[in-house]
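Peer 1: Listed here are the chains, written in short residue letters.
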Amino acid sequence: MIKGNFIDNLPKVYGIYTGGFLAFIIIMAIAEQMGMSAKAIGICFVAFTVAIYAIIGYLSRTAQADAYYVAGRQVPTVFNGMATAADWMSGASFVAMAGGIYFKGYGYMALLVGWTGGYVLVASLLAPYLRKFGCYTVPDFIGTRYGGNLARLLAVIVLTVASFTYVTAQINATGTIASVALDIPFQYAVYVGLVSILLCSMLGGMRGVTWTQVAQYIVLIIAYLLPVFWISNKIGAGFFPHFMLADEVSRIAELEAQFGFVKNSAENLKEVPKGLAGITKAHSAVNATPWAFISLALAMMMGTASLPHVMMRYFTTPSVKAARKSVGWSLFFIFLLYSSAPMLATLSKLALIDPTLPTGIIGKSVSQVQAIDWYQNWNQANLMFISDFNGNGTVELNEFFMGGKAVVLATPEIAGLPYVISGLVAAGGMAAAMSTADGLILAIANALSHDLYYKIIDPKAETAKRLVVARVLLVVIGFAGATIAAMEIQGILGSVIWAFDFAMSGLFFPLVLGVWWKRANREGAIAGMALGLISGAGYLIWVRNGGSGFLGITQLTFGIFGSAVSLVSMVVVSLITAEPNAATQKMVDEVRVPSGKSILGKQH
Amino acid sequence: MSKQAQHWEKTRGLLMVTLAIWFVFSIGIFLFGAEMNEVTGPFGYPLTYWFTCQGSLGIFVILIFWFANRQEKIDEEFGFSERGDD
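Respectively, the protein sequence lines represent chains A and B. As numbered in our numbering, residues 1 to 604 make up the first sequence, in order. As numbered in our numbering, residues 1 to 86 make up the second sequence, in order.
Just chain B, with the same shape it has in the complex:
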């Protein structure tokens, strides 16, 4: 397999993991919104309420930075990283 094909395979793998996490916190947990809201979440808020105000939102922020770092590592591994910095 060419270097490029390997790079793309890893990139696609990372995409799948990222989208899976995204799916859980944007869609998955809200299938059980009513049940989850009975539980007390962080800072004492009802759990589903907390996810809609802070939890899911914060997880998305962290997820994007994590994704960006992982992707950079993949690019470096195959020598596809850009020179210069941001």
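This is chain A alone, in the form it adopts within the complex:
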């Protein structure tokens, strides 16, 4: 069926794969009609997709450093775009984003702008130049551009802090989905999730992760878009929701005005299970100050350009030119999901609150709502709750509560879609969380094995030994992440946002100025990384412990403070110390030109 070079056959391979996946969905739909239980369908979806990823991971096994670290630098632009989109869109994007928009409206949508706008910075400031550099990891660039082990080590530390904060949230998400779909306790499900993640990356490193991420993107985008289109058609909102929901958006505003946002007393709110929220913010009106919106968007944009697991995806393209184009494709594939999230939030909200729709629950009697099947299911899962605070016997807008995850997970059921869609959504969420976790664990393990072990501790190590170290670290980091995830310390979304702030505090300016400011030197970079990370983390700890903060910088945007300190200290220290030597300056000149050999050799 497949002849010749694998790379040349990619469209065919993934075309067959996509067809196979669609056929699988149809088979499951038929099985459901014939009486297959909801639970069995859920297990089939998760098990089938994870098995496919594991097979791809096995087929991509390699013993070469070049293939392990940068997938042999031969990933075509469009496919690298898909892989980056999967790498990028995590459990938070897939499961939590529509929920956030549903509850918080405009103030939350700063994340949509921030998590896409950052790619403009990636494309114009960094990706092509780091690709020209020819590095394996982000600290590899810092270490070579500025020279010296201390700069390299600091980059490894910033990378590890940011990525580790991020990865525990992703392993947590895989655990949540695995525990629901396979019906096992969360503490064990976390390790099931972890093993699935390691199956993709352990044997093939970056090569394995690349080809599984493409497969995961296809699953997650089908799983997100199919329900949005289906629900929109089913409730008669329009066959192409993105262009046709204006009436629904204004209808929600109308209903909000009609019901009003009644504030619940603290006493009443105590009854509501933890983690659930009611609708308290307008859906489409501007409900945040310009600075609150802009500061969050800005922090996410600069964080995007500093997160190593995204940056290293552009090390795998065949050329500098391809790296630039590939950023565009990445954002296009991300756009497909992000532009659908507000539509899903709109459909979900309207279906629930419009009394004229059969699914609407506001205005119905409490006992009537409590008798609905889906209400009972999701109430049991601790994701939905109603209570008759004012005792009038009907459900009011302020008496209905829901978990953020429920917008994505429960809306198909509320709108009356068959269960096969819920199974598909579980597989999609699993794919989203796994692909991001893979990218992050690999970023940390590669930095530790390449930059800490090979470059600093044992520069004479042979390739075989380096790759063994890399794989051992991969497993160790995975288990450490899973152990922390099993403790369930923080929510998914909060820790994801922190990861961006950590990354931008320590890495944004050392990376950008490394290319764009020739005068930046080692001392400056060391000061920028160390003081940026310390001040950012310090600000977070201060605000978390009751500090008032300043300039409206919150615990979600502390990176703005951290990166400002990083910029100032880097510029000041660079200027008061000697300028970089001639060899370094020449290196920067070469990085700025796309043609010619890369700075670091093919094997380094």
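If you're looking for bench data, these hints aren't it; they were derived computationally from the structure. Backbone N, C-alpha and C fix where the C-beta goes; we use that ideal spot for every residue, glycine too. Keep in mind that the hints are not guaranteed to be accurate.
[Unchecked claim] Straight-line distance between alpha carbons at most 35 angstroms, and here's what the computed DSBU-like set of lysine-lysine pairs gives:
# : chain 1 : residue 1 : chain 2 : residue 2
1 : B       : K10       : A       : K597
2 : B       : K73       : A       : K518
3 : B       : K10       : B       : K73
4 : A       : K518      : B       : K3
5 : B       : K3        : A       : K586
[Said to hold, decoys possible] Per the computed footprint, the stretches of chain A lying under chain B, defined by three or more beta-carbons under 8 angstroms from a beta-carbon of chain B, are:
#  : stretch
6  : 117-130
7  : 274-287
8  : 296-306
9  : 318-325
10 : 330-344
[Said to hold, decoys possible] Quick list of simulated restraints, FRET-style, between CB atoms:
#  : chain 1 : residue 1 : chain 2 : residue 2 : range
11 : A       : D373      : B       : V24       : 44 to 52 angstroms
12 : A       : W291      : B       : R70       : 31 to 39 angstroms
13 : A       : A277      : B       : A20       : 34 to 42 angstroms
Let chain A serve as the given structure and place chain B on it in line with the hints.
Peer 2: For chain B alone, kept in the frame of chain A given last:
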């Protein structure tokens, strides 16, 4: 001025234009979010709402492809383009 310095000057010019457009659609317009939302935007959505859901996001996608093409032209002009294709 050397060929390389000229190339870099043009590259920097392109960066400035790209960042200016980026700034307008990621930060600039949201300074006037409340006022802009009174206006009806494309497909009938309130304008600020539309920008946060689709407008700014779509503009970023187009901006990156436009930037990549312009930069390629600059590289070709100075003979710094890589051989082979993507």
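Peer 1: For the stretch 296-306 of chain A, does the count of residues with a C-beta closer than 8 angstroms to a C-beta of chain B reach 3?
Peer 2: Holds, because 3 residues of the stretch 296-306 of chain A bring their Cβ atoms closer than 8 angstroms to Cβ atoms of chain B.
Peer 1: Hint check: A/K518 vs B/K3, CA-CA at most 35 angstroms. Holds or violated?
Peer 2: holds, 18 angstroms
Peer 1: For the range 34 to 42 angstroms, tell me whether the beta carbons of A/A277 and B/A20 fit it or not.
Peer 2: holds, 39 angstroms
Peer 1: Mind checking, does the stretch 274-287 of chain A have 3 or more residues with a CB under 8 angstroms from chain B?
Peer 2: With 3 residues in contact (Cβ-Cβ under 8 angstroms with chain B), the coverage given for the stretch 274-287 of chain A holds.
Peer 1: Does the Cβ distance between A/D373 and B/V24 fall inside 44 to 52 angstroms?
Peer 2: holds, 49 angstroms
Peer 1: Given as covered by chain B, does the stretch 318-325 of chain A meet the bar of three residues or more with CB within less than 8 angstroms?
Peer 2: Coverage by chain B holds for the stretch 318-325 of chain A (7 residues, Cβ < 8 angstroms).
Peer 1: Quick one: are A/W291 and B/R70 within 31 to 39 angstroms, going by C-beta?
Peer 2: Taking Cβ atoms as reference, A/W291 and B/R70 lie about 32 angstroms apart, which means the hint holds.
Peer 1: Taking a Cβ-Cβ distance under 8 angstroms as contact, does the stretch 330-344 of chain A have three or more residues in contact with chain B?
Peer 2: Held - the stretch 330-344 of chain A has 7 residues with a Cβ nearer than 8 angstroms to chain B, which meets the minimum of three.
Peer 1: Run the distance test for B/K10 versus B/K73: straight-line Cα separation, threshold 35 angstroms.
Peer 2: holds, 11 angstroms
Peer 1: Do the alpha carbons of B/K3 and A/K586 lie within 35 angstroms of each other, as the hint requires?
Peer 2: holds, 15 angstroms
Peer 1: For the pair we were handed, B/K10 and A/K597, check the Cα-Cα distance against 35 angstroms.
Peer 2: Status holds; Cα separation ~22 angstroms.
Peer 1: Compare the distance between the alpha carbons of B/K73 and A/K518 with 35 angstroms, and conclude whether the hinted pair is satisfied.
Peer 2: Distance ~24 angstroms between B/K73 and A/K518 Cα, so the pair holds.
Consistency with the previously given hints is maintained throughout, with no hint failing.
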